[in-house]
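Residue numbers (this note's numbering), protein chains in the order written: chain A, 3 to 115; chain B, 2 to 808.
Hint data in this document are derived by calculation from the structure and do not stem from the laboratory.
C-beta atoms are modelled at their ideal positions from N, C-alpha and C, and glycine is treated no differently.
One or more hints might be untrue.
[Said to hold, decoys possible] Computed list of lysine-lysine pairs in DSBU-like fashion (alpha-carbon distance at most 35 Å, straight line):
hint: 1; chain 1: B; residue 1: LYS399; chain 2: B; residue 2: LYS126
hint: 2; chain 1: B; residue 1: LYS792; chain 2: B; residue 2: LYS698
hint: 3; chain 1: B; residue 1: LYS305; chain 2: B; residue 2: LYS377
hint: 4; chain 1: B; residue 1: LYS6; chain 2: A; residue 2: LYS4
hint: 5; chain 1: B; residue 1: LYS6; chain 2: A; residue 2: LYS41
hint: 6; chain 1: B; residue 1: LYS602; chain 2: B; residue 2: LYS577
[Stated by the list, open to error] Computed footprint of chain B on chain A; a stretch qualifies when at least three of its residues, placed anywhere within it, have a C-beta under 8 Å from a C-beta of chain B:
hint: 7; segment: 53-64
hint: 8; segment: 95-104
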Amino acid sequence: MKIIISIVAIIVLGYIMQLVTPWWGIALAVMIVTYLLNKNYWTSFLVGFLAVLLLWGGFAFIKDVSNGSILSSQVGDLLQGLPSIALVLLTGVIGGLVGGLSGMLGQSARELI
Amino acid sequence: MKYFKFPFLLALLIGTCYVLSIPIPAGDATLPPVGKFFSPFSGFWNNAESTGTRKSITINTDKLSGEVEVVFDDRDVPHIFADNIEDAVFVQGYLHARDRLFQMDVAVRAASGQLSEILGESTVKMDRIRRQMGIEYASEKAVDAWSKYPEYKNLSSYSEGANHFINQLKPEDYPVEFKLLGHKPGSWSNLKSSLFQKNMALTLCAGQSDIQATNLLKYFGQETFSELFPEWNPKQSPIIPSTKTWNNTSASISESEELAKSLSYYQKPPIPEHVPGIGSNNWAVAASKTKNGNAILANDPHLKLTLPSIWYEVHINTPEVNVYGVSLPGVPGVIIGFNDNIAWGVTNVGHDVLDWYKIKWLNDEQTIYELDGETKEVEYRIEKIAVKGARDIIDTIKYTHWGPILPDDSPWENYQGLSMRWLALDAPDRDELNSFMQMAKGKNHDDYLNALSNYILPAQNFAFASVDGDVAIKVNGKLPIKNEQNGRFIKDGSKTANGWKGFIPRNELPADHKPERGFISSANQNSTAPDYPYYYNGRFENYRGRIINDMLEEMENITVDDMMAMHQNSVSYKAKDALPSMINLISNTDLNDDQKEILDKLSKWNYSYDVESAAASYFDDWYEEFYDLTFDEISNLKDSMTVMMPSDWVLVKKLEDNQDDRFFDIQGTASTENAGDLVRLAFMKMTENFSEKDDHKWTTYNKRRIEHIASIPSFSVNNVQAPGHGDVINAYNTVWGPSWRMIVELDKDKVNAYGVFPGGQSGNPGSPFYKTGIDNWTNGKYFKLNFVKQKEQLDEVKSYSINFSKS
Numbered sequence: 003m004k005i006i007i008s009i010v011a012i013i014v015l016g017y018i019m020q021l022v023t024p025w026w027g028i029a030l031a032v033m034i035v036t037y038l039l040n041k042n043y044w045t046s047f048l049v050g051f052l053a054v055l056l057l058w059g060g061f062a063f064i065k066d067v068s069n070g071s072i073l074s075s076q077v078g079d080l081l082q083g084l085p086s087i088a089l090v091l092l093t094g095v096i097g098g099l100v101g102g103l104s105g106m107l108g109q110s111a112r113e114l115i
Numbered sequence: 002m003k004y005f006k007f008p009f010l011l012a013l014l015i016g017t018c019y020v021l022s023i024p025i026p027a028g029d030a031t032l033p034p035v036g037k038f039f040s041p042f043s044g045f046w047n048n049a050e051s052t053g054t055r056k057s058i059t060i061n062t063d064k065l066s067g068e069v070e071v072v073f074d075d076r077d078v079p080h081i082f083a084d085n086i087e088d089a090v091f092v093q094g095y096l097h098a099r100d101r102l103f104q105m106d107v108a109v110r111a112a113s114g115q116l117s118e119i120l121g122e123s124t125v126k127m128d129r130i131r132r133q134m135g136i137e138y139a140s141e142k143a144v145d146a147w148s149k150y151p152e153y154k155n156l157s158s159y160s161e162g163a164n165h166f167i168n169q170l171k172p173e174d175y176p177v178e179f180k181l182l183g184h185k186p187g188s189w190s191n192l193k194s195s196l197f198q199k200n201m202a203l204t205l206c207a208g209q210s211d212i213q214a215t216n217l218l219k220y221f222g223q224e225t226f227s228e229l230f231p232e233w234n235p236k237q238s239p240i241i242p243s244t245k246t247w248n249n250t251s252a253s254i255s256e257s258e259e260l261a262k263s264l265s266y267y268q269k270p271p272i273p274e275h276v277p278g279i280g281s282n283n284w285a286v287a288a289s290k291t292k293n294g295n296a297i298l299a300n301d302p303h304l305k306l307t308l309p310s311i312w313y314e315v316h317i318n319t320p321e322v323n324v325y326g327v328s329l330p331g332v333p334g335v336i337i338g339f340n341d342n343i344a345w346g347v348t349n350v351g352h353d354v355l356d357w358y359k360i361k362w363l364n365d366e367q368t369i370y371e372l373d374g375e376t377k378e379v380e381y382r383i384e385k386i387a388v389k390g391a392r393d394i395i396d397t398i399k400y401t402h403w404g405p406i407l408p409d410d411s412p413w414e415n416y417q418g419l420s421m422r423w424l425a426l427d428a429p430d431r432d433e434l435n436s437f438m439q440m441a442k443g444k445n446h447d448d449y450l451n452a453l454s455n456y457i458l459p460a461q462n463f464a465f466a467s468v469d470g471d472v473a474i475k476v477n478g479k480l481p482i483k484n485e486q487n488g489r490f491i492k493d494g495s496k497t498a499n500g501w502k503g504f505i506p507r508n509e510l511p512a513d514h515k516p517e518r519g520f521i522s523s524a525n526q527n528s529t530a531p532d533y534p535y536y537y538n539g540r541f542e543n544y545r546g547r548i549i550n551d552m553l554e555e556m557e558n559i560t561v562d563d564m565m566a567m568h569q570n571s572v573s574y575k576a577k578d579a580l581p582s583m584i585n586l587i588s589n590t591d592l593n594d595d596q597k598e599i600l601d602k603l604s605k606w607n608y609s610y611d612v613e614s615a616a617a618s619y620f621d622d623w624y625e626e627f628y629d630l631t632f633d634e635i636s637n638l639k640d641s642m643t644v645m646m647p648s649d650w651v652l653v654k655k656l657e658d659n660q661d662d663r664f665f666d667i668q669g670t671a672s673t674e675n676a677g678d679l680v681r682l683a684f685m686k687m688t689e690n691f692s693e694k695d696d697h698k699w700t701t702y703n704k705r706r707i708e709h710i711a712s713i714p715s716f717s718v719n720n721v722q723a724p725g726h727g728d729v730i731n732a733y734n735t736v737w738g739p740s741w742r743m744i745v746e747l748d749k750d751k752v753n754a755y756g757v758f759p760g761g762q763s764g765n766p767g768s769p770f771y772k773t774g775i776d777n778w779t780n781g782k783y784f785k786l787n788f789v790k791q792k793e794q795l796d797e798v799k800s801y802s803i804n805f806s807k808s
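Chain A on its own, in the form it takes in the complex (with noise of 0.2 Å):
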């Protein structure tokens, strides 16, 4: 349940400051849950990798669904002639690698405080 609520807060938070600061703010919105939470390393990854996943991926999804898949139909064509699915999906990988990454730097942050 905790896990599944630090989820949800990194999505609202983080949403929430990727409207004012750069693409990286992300990872500002996962180190302060994952710091909260106080899991072990991999829990921390996994919050950070699915949350920002679904945030980064969801976001995408809803914008290519709007869209019709006009503009990533291009972009995949740059890309490989990637389908507009995997390029959302790309877009959630890249978002929660970070995500994954600030999320063991969060718990790291409070193991060593």
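Assemble the complex: chain A is given as a structure, and chain B must be docked to it using the hints.
Quick look at chain B alone, frame taken from chain A:
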């Protein structure tokens, strides 16, 4: 352990973020930073516009004198309803920037020589040439001159409107191309509008072949040169028809030949001979020739087909003006369009307005030169080129009496002896900015002429039709008066007498109003028959004008549908002129079954470059092979000098007149070939070319596309299945073609207009309006243009609106 984990993870995270934040070099290109580009909050996803209806909004600004309402229709065409023109063009500037910012940025950079600032060292050579041509210097002078005329306030208002949009733009909202290039849009200015106009001049009136002609004059001598490059095609159907007979008054070119002999051969010049594929058609039929008794005007300007399209549709409605048409993002007003009373359309005038002069240097440093027996000093201008990822480049450009001295880098060393005289570098001497707005307000032929009197360049053939049922055409612009043969070759630059003799008076420019034949037309052919009192040279089209005039001559009871069909007409007069003779010469040859089939298809061909036609591909290839074999005498010179090639009609005439013409002999063979030998040889080569191909249809042989303005492949459209060829009315060839098709029926009660361009209003590849018109354009269909007098009449097609309100 925990003391190590934190710094390790911190370093790892920072490292990852850093890698995702830097541009990635990939061969010649650079990929954008991954994190920034993929983030759905700041990256390309933010350019994915919703396909739903946009929300109506209100924009507050203190720059307007009244309220402006913009109604967008179902194709996102803005209908601007304003209290005055100044407010309307403010909003036009805003909308151009909203929809076409990257295009505007690139056009200006290309003209002024500032591409390297965003693209790096790969474009330095191109930038330097633009600086050496003095484009930006000329634009500075133009803005200075414009500022003395009343219309300047509207240009300033346009720039302010563009900046109102640009200034509020956040990085996440930059057009996707800026994100890809890692570059940010700068603010707009009146200077940039001038640079945009210079960019059009570079495309439309910078064509020259003086250097190529001088090389060939030296090589062949004047007799052979005149045979290969005659100035008048007897089959030509000029824009202004003449009843007078052609008397050969061609002046001697001995003087030019003498100079040519003293020069060494020149390599390919730093500016292109002519931009290929440039051309256009326009025509108008008077009320007497139409079914409904209304004059009809048609226009299709041929330019490079790009995405976004060069054109932007707009409707401007104020108490003074109600005009609809296409505009160019970068300048205010409507370029091709119509109002409640008149319609106008343009085609390019091929007169040569760029000439070269040989400078007589008086010292080795090339800082002083002789002019009319006196010593003159060159003037200097310093140009600084910013280069992305490298140091700035500083160039010092020299100017003589004639204009700039061009490049000094290899292989152009001997170009340092030449100075360029180009009309587009002159400061404007009339209220040029006002000409299109005056036209927009025009009610009749007199108003049309008044508007044209302010127009300078690039010179255009302006077709006109009005609700009074009359039609007119004028070859219009600033056109130099030249001595016979002046401007065809490099001239001696030590005598001012070799310069232009002023400009053709406006009332003596070739023009026609209420013609007896009931129609006017132009298709880039010669403006007049040779009896026109002023000498002009240049590049003129030889086939499209003939077809158009022949068709219009025959047609009666003309309807809008007839005009639409005519835009699609893909019949080639070149093929009609050449193919029967070519088939004749091949008839007694032994052919295999495949070759017989090809010949059979060619014999049955209707000369139309249709999508599915294989015969069109065969003829095109066969003709090209035949042409190349014939003029090997010229193309063989290409290694040692720059050359130009004879017009197609010259070859076809040789084929008709003398099959033993010496040019039919192939160089380097023991035997003496004639036309028959070449036609047969070319046929064998052609059939061999096709034996390896599965698909012979025309649009596969001639690959056709619409290319993104920065050549980003996935933002382009490939394999466009539309008919046409450069020599036919529907002049679609590879990436050149009809960039806007418009047909206007001038009904007194309600003007009916139809138009289409192969693109959409939006320049954003992520917009549902990026490619709106491509299907209709490909299939020869049009949109009915929503031209109204009151905004309430748009209710049925209204999608959303923007209200500009005074704050």
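Verification of the supplied hints:
1. LYS399/B / LYS126/B: The given pair, whose Cα atoms are some 18 Å apart, holds under the 35 Å limit.
2. LYS792/B / LYS698/B: violated, 47 Å
3. LYS305/B / LYS377/B: Violated. LYS305/B to LYS377/B sits at ~42 Å, over the 35 Å cutoff.
4. LYS6/B / LYS4/A: Given pair LYS6/B, LYS4/A holds - Cα atoms ~24 Å apart, limit 35 Å.
5. LYS6/B / LYS41/A: Within the cut-off at roughly 15 Å; holds.
6. LYS602/B / LYS577/B: holds, 15 Å
7. 53-64: The restraint on the segment 53-64 of chain A holds, since 3 of its residues have a Cβ under 8 Å from chain B and three suffice.
8. 95-104: holds (count 6)
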